[in-house]
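Trainee: Residues per chain, in single letters:
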Amino acid sequence: MVGKLLKHEFKATSKLMLVLFAALFGVTFLCLALEWFDFDSVPLQTASGLVTAGYVLLLISSYFISLAYMVVRFYRSMLGDEGYLTFTLPVTTTQLVISKLLTAVVWLVLTGCVMIGSLVLLFHDSDFLEEVFEAFGRIFSNSGITLTIVIYLVLLLVGIFSSMLQYYTAMAFGQIFSSHKILWSVIGYFLLNIAISFVNMFVMLISGNFSAAVQLDETEVQIADMDQYLSVLNRIVGVQIAEYIILSVVLFLICRSLLKHKLNLQ
Amino acid sequence: MDILQCNHLTKRYGSVFEALKDVNLTLESGRIIGLLGPNGSGKSTLLKLCNGLLQPTSGEIRIAGMPVGVETKKIVSYLPERTYLSSGMRVRDVIAYFKDFYDNFNETRAYEMLNRLEIDPKAQLKTLSKGNKEKVQLIMVMSRDAQLYFLDEPIAGVDPAARDLILRLVLGNYDPQATIVISTHLIADIEPILDEFVFIQKGSVIMHKTMDEVRNQGTTVDKLFREVFAW
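Heads up: the protein sequence lines correspond to chains P and B, in order.
Okay, so the first sequence: first residue is 1 according to the numbering used here, each after it adds one.
Okay, so the second sequence: first residue is 1 according to the numbering used here, each after it adds one.
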């Protein structure tokens, strides 16, 4: 059933997401096309400037648009009128939450890839991109840094999972109340944020990440030993990954429990 | 066989308002039952509880002997009183959706009913009138070979001319072994098709009779309703 849920969830969300991606690539090509012309009139220069500004704005806001859409989609399809169909399907609450979560994470990762793709297209024949690739080549020649980058990418992915689950849990909490459900969801989100900040601090102290970070600072100043620096950095990020995984599991269980035992579609 | 059992069912919103108070109700298979009562009497709340959209404060619900869950959702077909289909979908997408999730969905029957009600399967839901959207939902619900149908105000949003046609569709497309619970306040329209009825007032079941009992009393459900719920 998860497969069927995923199929319909991707189908329902693809329209807006593909429009967003097409818009981003469209403005990217427009910016590229404008580079070929040498504008000498003020109105055309202004128009060119506006297109560039629009591109920057769209690029920066793309991720937030995707994120906001995924959050709204969850609310509407689970806790709005569409929830009357969603929760009468012969599927478990676990399957419902997993399908929403996987779809959201895939679209957010794709948004990141499209943003990078757009930048690569825009700067494809400039020195800037060449320098970036050279820098990456130098970095990846050090196997220690390759590992660190992979660990950071895993952290990013796990972070997306836990942040989506934080939104979902907050909405599952807000729907318990008879009125002002959205307001309670926002309050729930901030309460979760406070709780997670405390957990972060606690984990940093007991895992030794705090003292490791201090050590890292000193190492950075001395730039004494790159391998030692990376090893400390990997350890810090490794602990963060473990923390995010545990946090995601806990948030998933809370969200599922609230939707299963406290569902309140009035 | 009992298809629905509500035992000491209570639903409280907040700490004060009791939408249902200690409801005990047993419905048998193969019956068409009217769930009747004025606005705010608890009809929709009862149907939502039976579909797992609300959780009871106390008491229990059993459908075909099972607690409300995935297994009961396979055999229950529910029409809520609001539009639950995404407006961006086309009618044929809705059919594909129901076909994917419900093993007992009859696609041929759905297209036949759409054809009879002159609704284009290619139409987008947002382009349909409110009445036609309600008809599409009803067609989806009645195209399932379910054991228990819950229809919450199925004819409230359509014109009187379409009501007869819809009621004929309801009657013509269900297995006589199945049970239909219809919640409505348009009693005169549905009275001819009922086998029994339940009156619900302020969250309590105050009357549960068969149509034979009503006929033997020389009255009608409509008249009884006006007497019982007179202001």
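Worth flagging that the hints you see were computed from the coordinates, not collected in a lab.
Since we're looking at a predicted model, the values are computed, not measured.
Mixed in with the good hints there might be a few duds.
Below, in silico cross-link-like pairs of lysine-lysine (PhoX-like), each with a Cα-Cα straight-line distance of 25 Å or less [what the hints assert, rightly or not]: (1) B/99 - B/122; (2) P/11 - B/21; (3) P/181 - P/260; (4) B/122 - P/260; (5) P/4 - B/21; (6) P/262 - B/99; (7) B/130 - P/4; (8) P/15 - B/74; (9) B/21 - P/7; (10) B/133 - P/15; (11) P/7 - B/209; (12) B/99 - P/7; (13) B/74 - B/126; (14) P/262 - B/133; (15) B/126 - P/262.
To give an idea of the interface, some chain B residues facing chain P are shown, with a C-beta separation under 10 Å as derived from the structure [what the hints assert, rightly or not]: (16) 13; (17) 48; (18) 53; (19) 54; (20) 88; (21) 92; (22) 111.
The beta-carbon is built from N, C-alpha and C at its ideal position, and this holds for glycine as well.
Trainee: So which of the earlier hints does this model not fit?
Mentor: 2, 4, 5, 6, 7, 8, 9, 11, 13, 14, 15, 21 and 22
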